[in-house]
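**Q** Protein chains in written order, with the UniProt record's numbering: chain A, 1 to 240; chain B, 1 to 240; chain C, 1 to 240; chain D, 1 to 240; chain E, 1 to 240; chain F, 1 to 240.
Rather than coming from a laboratory, the hints here were simulated on the basis of the structure.
Some hints here could point you the wrong way.
In this list, chains with the same sequence are indistinguishable; a pair is considered to hold if it fits within one copy or across any two.
[Said to hold, decoys possible] With a straight-line Cα cutoff of 20 Å, these simulated SDA-like cross-link-like pairs (lysine to any residue) come out: (1) K192 to G66; (2) K192 to A225; (3) K230 to L117; (4) K230 to L193; (5) K192 to A162; (6) K230 to V89; (7) K230 to E13; (8) K192 to G134; (9) K230 to E118; (10) K230 to Q12; (11) K192 to P227; (12) K192 to G142; (13) K230 to E42; (14) K192 to E165.
Now for the letters of each chain:
There are 6 protein chains.
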Amino acid sequence: MRIVVTNCNTTQEMTEEIVRGARAAAGPGTTVAGLTPAWGPESAEGWLDSYLSAAAVIDTLRTYDGPPYDAVVMAGFGEHGREGVRELVDVPVVDITEAAAHLACLLGRRYGVVTTLERSRGQIEDSLETAGVGRNCAAVVGTGLSVLDLGDDERTEAAFLAAAERACAAGAEVLVLGCAGMTGLQRAVGEKLGLPVVDGVSAAVRLAESLVALGLTTSRAGSYARPLPKRRVWGGGPAG
Amino acid sequence: MRIVVTNCNTTQEMTEEIVRGARAAAGPGTTVAGLTPAWGPESAEGWLDSYLSAAAVIDTLRTYDGPPYDAVVMAGFGEHGREGVRELVDVPVVDITEAAAHLACLLGRRYGVVTTLERSRGQIEDSLETAGVGRNCAAVVGTGLSVLDLGDDERTEAAFLAAAERACAAGAEVLVLGCAGMTGLQRAVGEKLGLPVVDGVSAAVRLAESLVALGLTTSRAGSYARPLPKRRVWGGGPAG
Amino acid sequence: MRIVVTNCNTTQEMTEEIVRGARAAAGPGTTVAGLTPAWGPESAEGWLDSYLSAAAVIDTLRTYDGPPYDAVVMAGFGEHGREGVRELVDVPVVDITEAAAHLACLLGRRYGVVTTLERSRGQIEDSLETAGVGRNCAAVVGTGLSVLDLGDDERTEAAFLAAAERACAAGAEVLVLGCAGMTGLQRAVGEKLGLPVVDGVSAAVRLAESLVALGLTTSRAGSYARPLPKRRVWGGGPAG
Amino acid sequence: MRIVVTNCNTTQEMTEEIVRGARAAAGPGTTVAGLTPAWGPESAEGWLDSYLSAAAVIDTLRTYDGPPYDAVVMAGFGEHGREGVRELVDVPVVDITEAAAHLACLLGRRYGVVTTLERSRGQIEDSLETAGVGRNCAAVVGTGLSVLDLGDDERTEAAFLAAAERACAAGAEVLVLGCAGMTGLQRAVGEKLGLPVVDGVSAAVRLAESLVALGLTTSRAGSYARPLPKRRVWGGGPAG
Amino acid sequence: MRIVVTNCNTTQEMTEEIVRGARAAAGPGTTVAGLTPAWGPESAEGWLDSYLSAAAVIDTLRTYDGPPYDAVVMAGFGEHGREGVRELVDVPVVDITEAAAHLACLLGRRYGVVTTLERSRGQIEDSLETAGVGRNCAAVVGTGLSVLDLGDDERTEAAFLAAAERACAAGAEVLVLGCAGMTGLQRAVGEKLGLPVVDGVSAAVRLAESLVALGLTTSRAGSYARPLPKRRVWGGGPAG
Amino acid sequence: MRIVVTNCNTTQEMTEEIVRGARAAAGPGTTVAGLTPAWGPESAEGWLDSYLSAAAVIDTLRTYDGPPYDAVVMAGFGEHGREGVRELVDVPVVDITEAAAHLACLLGRRYGVVTTLERSRGQIEDSLETAGVGRNCAAVVGTGLSVLDLGDDERTEAAFLAAAERACAAGAEVLVLGCAGMTGLQRAVGEKLGLPVVDGVSAAVRLAESLVALGLTTSRAGSYARPLPKRRVWGGGPAG
């Protein structure tokens with residue numbers, strides 16, 4: 001089985017890191033290919049970035065001409081676009097935000113999300129709510145680190161642990177890594193916290209594999225019907 | 001006061017129609033200027049279109065170099081993007097979806113939305129919910145007409161009346177025109193139905209004027225902080 | 001256009017202050033007339049006062065015989081009565097509680113209300129909820145000041161700022177003045193807080209103007225049908 | 001134990017009927033006294049009536065100078081005022097709307113309310129919601145009969161059965177008589193429907209007795225603190 | 001009238017204590033009989049205990065062959081089983097969890113539950129939610145004491161007061177004893193707190209009496225139809 | 001990896017059928033073993049059966065002395081017990097009710113459940129709600145068939161299709177088989193309906209495999225702490 005993982009930003013190194021995480025999570029027969037949008041933001045932090053990212057990721061899949069794939073994993077935590085990709089492709093689409101929440105719900109009565117900047121909280125809350133898994137989310141808390149700050153592992157871990165404490169105080173019994181760039185951190189912080197910590201990329205890969213294995217894909221009835229044929233122009237602006 | 005109204009699609013005629021509606025609704029000292037994105041879908045119907053539209057509208061405002069304006073009205077019913085525009089500009093931003101709902105809440109205990117295709121229902125419901133005005137929405141119902149079908153006034157009106165009946169059966173006491181392209185229809189159908197019918201474009205213009213007059217604009221604390229400076233590429237794909 | 005603003009209590013000075021606030025907010029062609037109920041409480045603080053106030057305000061409008069008016073603004077934050085007035089009059093009715101919330105929703109993802117006594121919180125929460133705009137309310141907090149204490153501007157401002165901090169800690173990105181008697185405070189505290197602060201009286205005046213300008217008024221279908229003709233006696237008790 | 005039952009309207013015959021129902025429901029040592037407001041509407045149908053009724057009922061209790069009582073039952077289904085009475089008196093206060101719902105929740109997973117006019121639906125829904133028992137309400141349906149029409153028992157019963165069918169189709173497993181004037185009907189319709197039917201007056205009497213017997217009364221902490229001493233005028237208008 | 005009170009565990013002393021509480025709360029003509037399950041956990045603390053308890057209590061009533069009874073009170077705070085007992089018996093069934101909440105809702109706008117171990121919070125929250133009375137619950141807080149620790153009255157009272165403070169900070173205006181083993185504590189802590197404190201056993205006894213007196217019992221339509229006749233084996237395992 | 005699948009009833013044939021379904025869904029290296037409780041109901045239909053089943057399934061796992069296993073799948077749609085099993089075992093536990101809903105949420109905006117008897121609706125709704133995935137459930141509808149009726153494939157399929165139509169009318173875009181005994185039906189009805197149909201057993205097997213592969217298991221913090229050591233007796237009653 002071949003899974004395409006789309007980064008939500010244009011930073012190639014982050015795609016590679018995500019792909020490493022995805023491969024570590026994937027089952028034996030699964031091939032993972034990363035896609036980096038040719039346009040969009042270099043990191044997605046806030047609503048403007050998120051909408052730009054959504055269009056860029058959709059365009060990346062629309063113009064993709066590589067080997068066929070069996071599922072799409074969208075690796076932007078709290079970022080927009082999943083419903084549009086569901087309209088576009090005929091294979092299952094799993095967004096890492098919802099994926100992490102789905103698995104977290106199976107591991108405890110309430111889960112918490114630890115993300116980068118506080119400003120992302122709103123997007124994540126809305127994303128969980130519309131995905132149908134917001135009810136058992138006890139809190140979304142920020143570490144104060146930006147996406148591109150995550151490179152410093154020690155600082156990231158310390159910030160994560162501090163934020164996790166606040167999530168637990170709000171009732172979280174399970175934690176979720178709230179940024180694709182945190183992939184890989186789950187084991188270290190999980191041990192220190194004595195709690196299960198869910199990585200969205202890993203969760204999404206496993207859920208995508210599950211859907212493919214069960215022969216399930218997006219319903220075309222109602223919300224996610226195929227896009228109507230019409231004239232569309234996909235960007236054209238200069239770098240901003 | 002000068003209000004910029006952004007069409008959510010690339011169809012110039014629709015921008016003009018929306019601007020006509022906006023001008024009819026605007027107060028004495030208000031100038032209305034329409035903006036048609038240089039890229040995006042020719043009409044927005046579904047999630048893929050909506051995300052493409054969101055990025056295109058944001059880009060249109062980002063690269064705008066006309067005279068200064070006091071507020072933005074976003075004329076895409078149920079379309080994405082409003083939070084991104086709130087981050088981008090320093091003036092008030094009002095989306096026609098939420099605007100119509102805000103006024104409708106003042107006119108009856110439950111309102112209903114009559115839109116184009118059934119497939120738009122999900123986007124509209126989510127948009128109302130996250131805007132904080134979903135509670136009193138009794139139903140979102142489709143007419144079965146596509147955006148570009150709305151030109152035939154007689155057919156549109158008949159379809160609207162039929163759909164309105166279903167919304168009323170679900171408890172609606174006020175109706176909302178669920179598409180920017182329906183602007184102008186409110187009076188005719190309102191009289192036939194004996195109910196107030198709210199047009200989102202008109203509502204948004206008046207709300208934008210109100211915010212400007214009261215010296216209010218988007219909070220920069222938390223969700224809608226200014227976009228972080230970083231490298232962003234705004235599209236580049238060919239027509240699809 | 002002529003707007004009647006009803007004070008929720010019998011204190012004439014407060015009516016005058018509210019009318020000043022309303023006039024400052026009104027558009028060029030708008031005349032504002034204040035109405036002070038001939039009966040009711042001298043200030044509304046708590047449920048008993050609120051129900052007494054509701055009946056008195058309705059009676060004031062029922063027996064009004066001045067020049068015709070185009071809209072009613074009800075200036076009692078969190079007080080009851082708006083639905084009854086909607087049944088009674090044929091013009092739009094806007095309550096300052098809901099009005100402030102409607103505008104606040106356009107300015108940030110979550111808003112907070114700063115009111116007088118803690119005991120008012122319940123009424124305000126219920127009023128926002130049934131108006132359909134409770135979802136994005138992060139908190140209603142009290143300053144500990146009674147309505148008639150608000151005369152001391154300095155103390156009021158200090159108490160407001162302290163309470164605002166608690167609302168922001170709960171997630172508020174926009175604040176609402178939770179008492180008609182606070183009208184005028186919005187600019188001073190807004191600047192100190194660096195946040196938009198919405199005054200309900202101003203908001204309601206602008207919303208009322210908007211509805212009138214758009215030719216919209218209360219739906220008579222369902223909830224707000226005209227009162228049935230019957231025998232009603234409007235009070236008669238001595239001062240208590 | 002002595003329970004005072006307040007009618008929500010000025011119709012003495014209805015008070016008597018309610019008192020008959022209350023006495024039939026009361027335990028051995030309980031005395032029931034009916035109070036008819038000296039002012040207010042002759043029947044409460046709609047929001048205007050409801051707010052007028054709330055003030056009149058509060059005033060009736062405020063000026064009451066009969067023998068002491070141990071609890072108040074407020075017999076206006078869906079009518080306002082209960083929180084104000086809770087502030088006023090030191091004994092337990094039970095409103096028939098909430099009372100019926102509390103018992104109905106114990107008898108089935110979802111209950112339905114059958115009331116008089118459809119226009120009352122909103123008030124009843126809001127009353128149940130704020131009382132904290134709205135979740136398991138499957139539907140509030142109207143019979144189309146006005147309060148003063150209820151005298152014709154046969155017609156009332158037929159209308160009730162027809163409306164009950166709609167409530168059951170919406171999921172109701174238990175029914176509630178949605179008007180104090182229906183008191184006494186429960187047995188006849190319950191047998192025909194094969195379902196438990198809860199009368200609010202009876203339920204409220206039993207709940208009031210329970211609270212008194214257990215030595216429980218309204219909390220003074222927070223919402224229902226005693227009314228502040230101040231100048232209040234209780235009406236004065238002529239009949240309307 | 002004869003009420004059977006089922007303990008949720010096998011500890012005979014606790015049954016006796018509960019029965020004492022029930023008798024103290026019961027009306028004049030009511031006889032209370034306690035039932036101790038012959039199997040199940042010696043105390044119910046956590047989900048595993050709760051499900052074991054549910055089956056054991058149902059079995060106890062299924063195999064009961066004493067004198068007939070008029071109602072069942074289930075004395076396990078937050079424990080499962082009430083819906084199953086409703087299917088089994090033809091008389092009213094009242095669970096102390098929901099009973100306490102029903103009365104608490106009548107005494108203040110928000111109530112709080114003070115229970116034993118923090119781990120019980122989830123069960124109690126779910127139990128209140130599905131009973132339809134979760135909305136006005138401000139908080140469920142633990143004292144840190146286990147069920148069998150409650151014997152030390154002084155320690156229990158001190159722990160209760162400390163936990164109550166947290167519940168009040170979260171908005172509770174009324175408190176609920178969150179364990180059947182706390183029965184009797186309500187008066188002492190209520191006086192110290194100056195708040196009404198509801199004991200679930202007392203509340204359930206009074207509610208059961210009320211339903212019996214009004215001739216009401218569980219609906220057989222829908223959820224609580226009689227169990228289908230079939231082969232069932234009620235346990236058989238050794239002590240664990 | 002070895003997964004234990006627990007049937008919720010004592011019918012060995014049903015365990016075998018479920019195991020067949022589970023094996024068909026499992027990944028290459030997975031072994032599936034079925035467990036049939038030695039006691040409990042022969043089929044679970046209603047709350048009484050469900051609680052009996054919960055205790056029996058927990059007891060079955062408690063006394064299990066076969067080879068070690070890596071995860072538990074609980075195959076009772078809408079049946080109780082999952083939280084208790086989470087306390088008991090150290091490996092991941094997935095209930096088929098929640099499992100089906102988790103996957104269904106990834107395939108459409110709203111899903112519907114088609115189950116056996118209407119009486120099961122309440123349990124299923126509560127189970128989805130507390131699992132945190134109730135929000136996007138459009139409807140739970142019954143086929144009118146009992147669990148043991150499902151043997152007749154043709155009748156089952158016809159009844160499923162009829163019920164599915166009602167679920168779709170309520171907004172479902174994806175369907176869920178609402179009974180473990182329907183396992184295997186998904187492909188046939190999915191093709192006829194042109195919709196994805198999720199089988200809970202298959203979904204749970206894949207989710208359990210995913211959790212194991214990712215090294216995730218139930219959190220011990222808070223709700224699902226290990227059962228306290230104490231005396232418990234697991235049944236003892238004769239067949240009923």
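**Q** Confirm or reject each hint.
**A** How the hints compare with the structure:
no.: 1; hint: K192 to G66; in the structure: neither (41 Å within a copy, 33 Å between copies)
no.: 2; hint: K192 to A225; in the structure: between (45 Å within a copy, 18 Å between copies)
no.: 3; hint: K230 to L117; in the structure: between (38 Å within a copy, 15 Å between copies)
no.: 4; hint: K230 to L193; in the structure: neither (52 Å within a copy, 28 Å between copies)
no.: 5; hint: K192 to A162; in the structure: within (12 Å within a copy, 30 Å between copies)
no.: 6; hint: K230 to V89; in the structure: within (17 Å within a copy, 30 Å between copies)
no.: 7; hint: K230 to E13; in the structure: between (35 Å within a copy, 16 Å between copies)
no.: 8; hint: K192 to G134; in the structure: neither (26 Å within a copy, 33 Å between copies)
no.: 9; hint: K230 to E118; in the structure: between (39 Å within a copy, 18 Å between copies)
no.: 10; hint: K230 to Q12; in the structure: between (32 Å within a copy, 15 Å between copies)
no.: 11; hint: K192 to P227; in the structure: neither (47 Å within a copy, 23 Å between copies)
no.: 12; hint: K192 to G142; in the structure: within (19 Å within a copy, 26 Å between copies)
no.: 13; hint: K230 to E42; in the structure: between (30 Å within a copy, 7 Å between copies)
no.: 14; hint: K192 to E165; in the structure: within (11 Å within a copy, 32 Å between copies)
Figure legend: structure checked against the earlier numbered hints; hints not met, in rising order: 1, 4, 8 and 11.
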